[in-house]
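S.K.: Letter by letter, the chains look like this.
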Amino acid sequence: MLIIERRVSRSTAFRILSPVMAVLAALVFGALFLKLSGFEPLAVYGGMWRGAFGDAYGLSETLVKAIPLALCAMGIAVAFRMSLWNIGAEGQLYAGAMAATGVALSFPDAPAPALLPAMVAAGMTAGALWALIAAIPRAWLGANEILTTLMLNYIAIFWSEYLIHGPWKDPASFNFPLSPAFAEAARLPAFGDTRVHAGLIFALAAAAVLTILLRKTKWGYELRLIGSSPAVANYAGISIRRHILIAMAISGALAGLAGMAEVSAITGRLQYGLSPGYGYSAIIVAWLAKLNPAGILVMSTLFGGLLVGGYAVQFIGVPAAAVNMLQGAMLFFWLAAEFFGSYRVIHRGRLQEVR
Amino acid sequence: MEMDALIALTAAAVSAGTPLLYAALGEILCERSGVLNLGIEGMMLAGAVCGFLAAVATESPAAGIAAAMLAGGALAAIHAFMTITLRVNQIISGLALALFGAGLSSYLGKHLIGVPLPVSPASVMLPGLSEIHFIGPAFFRQDLLVYGSYILVPLAWYWIHRTRPGLHLRAVGENPDTADAMGVNVYRIRYAYILIGGMLAGLGGAYLSLFYAPCWIENMTAGRGWIALALVIFAVWSPLRALAGAWLFGGIEALGFRIQILGATVSPFFLKMLPYLFTIVVLILFTVYSRRKRIGAPAALGMPYERE
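Sequences listed follow chains F and Y, in order. For any residue, its number in the working numbering is found by taking its place in the first sequence, counting from 1, and adding 453. Going by the working numbering, the residue at position 154 of the second sequence is 146; the numbering climbs one at a time, nothing skipped.
Source of the hints: derived by calculation from the structure; they are not laboratory data. It cannot be assumed that every hint is accurate.
[Unchecked claim] Restraint-style ranges between C-beta atoms, simulated for each label pair:
{"hint": "1", "chain 1": "Y", "residue 1": "I251", "chain 2": "F", "residue 2": "S692", "range": "41 to 47 Å"}
{"hint": "2", "chain 1": "Y", "residue 1": "L254", "chain 2": "F", "residue 2": "V662", "range": "48 to 54 Å"}
{"hint": "3", "chain 1": "F", "residue 1": "D646", "chain 2": "Y", "residue 2": "I251", "range": "33 to 39 Å"}
[Unchecked claim] Not everything, but these chain Y residues come out facing chain F in the computed CB check (under 7 Å):
{"hint": "4", "residue": "Y99"}
{"hint": "5", "residue": "A222"}
{"hint": "6", "residue": "R250"}
{"hint": "7", "residue": "I272"}
Since the model is a prediction, treat every value here as computed from it, not as a measurement. Glycine included, C-beta positions come from ideal geometry on N, C-alpha and C.
Produce the complete structure using the sequences and hints provided.
M.R.: In structure tokens form, the structure reads like this:
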């Protein structure tokens, strides 16, 4: 019979190889799917690779997508570390985008050195507050944060649609639902003539700060302790309630910053389709990176590449949604790989009865 | 006039609540066995798109329903394998399922956008019952899947509370060690109910694409899978309360839609927020209530079972 046994120790080789194997397995799965729907898998993957990493333009676009993914994923990782399931990064991103837009439209004549920091502050505050709407009932009453954060995503998106159809509608937009374009001072600067913007610095800085906070401070330690054994944390006198509020606020602030960067650097106004689901993909990014900020930078570049590659192969008829499916499959294969890292399956004859 | 509006609203609430009800019933059965499946949204979407695909291909709604249930069950099988055999965290596997199912459905449905359904299943007037004052037009001039839910709710209640397999189901969800010692196969039961849950979620999705809409729109479930999860908490894992809850949530959706038609001064975007706001409020109120009454989830919910 087959018996599943916990492994005593986990091999280093496996730890390094398992994410690679998970990604490869997902690609094989995706290839089967593409083949079944009549595409040539190698041609599609080749096209995706060239689109995302093949030239300077593709690479720069990959980084453009990686920025919001990384910021959202780092926020998610902070919450997930204490088993606080914030899946509301999408809504928190929109909250940040709306607040930053509010500041940009209210002070059209302000100089950039004053305006940009104000927009950053507004975006982060709004994202944090949006997350706290779910965090407060979670901390005091135990209301399920998975469901509240998710519901808040829909509410934030409808709210932004209300704004661009109503009070913030650009009178010069010929009835298109768009906010007026921001003044030049409200636009985050970009590198050279690419669309890669200062948000990249935000992401790198966030990764550095979080790494130190998580590794070197009491707060980082307490966060992990609450995640692994809340009862122990409670006995140790750690206020779980306070940690829920702090973790969710940080989580939301980072997603809000991503939203600010998108409106300020990429679109230059509030409009439809601000995020192609960054907040959701970021959940997968965070988990594949084992909730580690440096890993998140790597994974979000890969996922940014997937998005750009997905757009690139649309012209041969592959639906862009193939990428979302592939991302989901990667998470499944990764979870399965984790299992084989911590358990082993052994084949054994029937157990002999002890006489 | 007033009465007619109320009847129409009730009928619309029942119809809007039906996909939620199927999904919630499936999740109740699944969670009663001790497994949380957050992937309902993905399974509903897969059901909606596969049901629509099959119905377009065969021109038969019955084939569509069968395909939707198969699709929901197939996705649920992934979750079952992950959480039971591989002992993966149920929350993260469920999230993966929700995201994967959404991607899968958009991929499969790419060419279905704008395609009309060749046969639209009509509503069926139940003889006698449909003539009863108020009740008739509100509840008994619906389509067959609505009637199916009327039957499934008491059936599920009876199954859980009054039969031997139902007792085993509850035992596995409350205390798998004891159930195991009693000779109940914990793994097999959990597999079975996760699959049933997935099939019902797929059916809920098919209701949207074949009956309610009827068409395929990308992400057409619009969070209903998540609302169904809230509904399970609100229903205290009881099918009877799920029925009331589903119609209440359906009523909110129908109400928002109606206010819009009547030309209210409220922005349509705020009306669209109603079901989500309502879900948050209900969830918070209900969390307070259930803590005070000390009622809650099946004791083993979310915990992988490892046989010693």
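S.K.: Hints first: check each against the structure and report whether it holds.
M.R.: Now for the hints, and whether the structure bears them out:
no., hint, verdict
1, I251(Y) / S692(F): 41 to 47 Å, "holds (44 Å)"
2, L254(Y) / V662(F): 48 to 54 Å, "holds (52 Å)"
3, D646(F) / I251(Y): 33 to 39 Å, "violated (50 Å)"
4, Y99, "holds (4 Å)"
5, A222, "holds (5 Å)"
6, R250, "violated (18 Å)"
7, I272, "holds (5 Å)"
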